[in-house]
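*Asks:* Sequence:
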Amino acid sequence: MHFPYILKACSDKDLLGLREIYLVVLHAFVCARPRFGGIMLSTHFQVRAFPNKSLLVEEVANRFLLTLENVLQKKASAHVGLEGGTMSELTLSRIAMYAARAKVIWNRVHFWWSDERYLPDGNSHRNYEQAKRCLFSRVKVPEGNIHQIPFIPGDINLAVRRYSDELERLSQDNGKVPEFDILFLGMGPDGHTASLFPNMSHPNVSVVPVFNAPKPPPERISMTLGAINSANRIWVQLSGLEKAKPLKSALEGADVLELPIAGVRGRLETIIFADKDAASLIPAEAHTQDY
0 MHFPYILKAC
10 SDKDLLGLRE
20 IYLVVLHAFV
30 CARPRFGGIM
40 LSTHFQVRAF
50 PNKSLLVEEV
60 ANRFLLTLEN
70 VLQKKASAHV
80 GLEGGTMSEL
90 TLSRIAMYAA
100 RAKVIWNRVH
110 FWWSDERYLP
120 DGNSHRNYEQ
130 AKRCLFSRVK
140 VPEGNIHQIP
150 FIPGDINLAV
160 RRYSDELERL
170 SQDNGKVPEF
180 DILFLGMGPD
190 GHTASLFPNM
200 SHPNVSVVPV
210 FNAPKPPPER
220 ISMTLGAINS
230 ANRIWVQLSG
240 LEKAKPLKSA
250 LEGADVLELP
260 IAGVRGRLET
270 IIFADKDAAS
280 LIPAEAHTQD
290 Y
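The opening residue of the sequence shown carries number 0 in numbering that gives the first Met the number 0; numbering runs sequentially from there.
Since the hints were derived computationally from the structure, they do not count as laboratory data.
Small disclaimer: the values here were computed from a predicted structure and weren't measured.
Hints may be right or wrong, so weigh each one.
[As the list claims (entries may be wrong)] Below 25 Å or equal to it, Euclidean Cα-Cα: the simulated PhoX-like pairs (lysine-lysine) are: (1) Lys139 / Lys74; (2) Lys73 / Lys139; (3) Lys175 / Lys73; (4) Lys102 / Lys74.
Just need the whole structure built from these sequences, with the hints factored in.
*Replies:* Right, dumping it as structure tokens:
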């Protein structure tokens, strides 16, 4: 067994009233690949593992609200990137449950999506509809602060341009996207994140159309890694044994084309919140004794 990163286990850490089990993985892979013109890449992940996804969601929801409070003490507005999926649904519901006790000024928070299924407005499988059910129906966020990825029948490229324009409109310092304070991501068993699947190219734009996705629906719209990595904080939520192998590969410095999640890196932090199953291939001596 070999891992080109340093693994440090911390147990019995009490945070936000929770007994949290930390796995802090200082993942430092340094590699040169021709695709990046021989540039040396370096980054690090922090992996925090929990006995089950309920405790994971509890921690993420509390951390999210506290982080927003702190951000809004320093900035006029905050920008959050959302994902879709089961873990997102659980987390957004928990955030809504705790929102009343938080000191977040919601009319100063803007919400975006890292990707969206190219489905008609109102379709229950859209990531926006999930967030609407779980969060926006229970927390008062101004409609103008909710920037969903548009659906334009028969013209996915126009939808991409409109979302790109909206991102650029609220960017700072002539950038292409806003300064995301927190951006949520998930990961599929194949290592995809957002709607960036293995062997997709990564053009130097902020948003791309996705055709022939390996999971339904085949057409999607996604932020690129460049846009995703503009976020200050990237939080990846993982649950299930099927996530263990790609997580291990990402920490070992897998090829970004083969495993897109390996290319994710926030400006301030990149935290992977994993349940026991998803973290099961992290060396056992680092965490199993803490469960």
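*Asks:* For every hint, state whether the structure bears it out.
*Replies:* So, going through the hints one by one against the coordinates:
{"no.": "1", "hint": "Lys139 / Lys74", "verdict": "20 Å, holds"}
{"no.": "2", "hint": "Lys73 / Lys139", "verdict": "22 Å, holds"}
{"no.": "3", "hint": "Lys175 / Lys73", "verdict": "22 Å, holds"}
{"no.": "4", "hint": "Lys102 / Lys74", "verdict": "15 Å, holds"}
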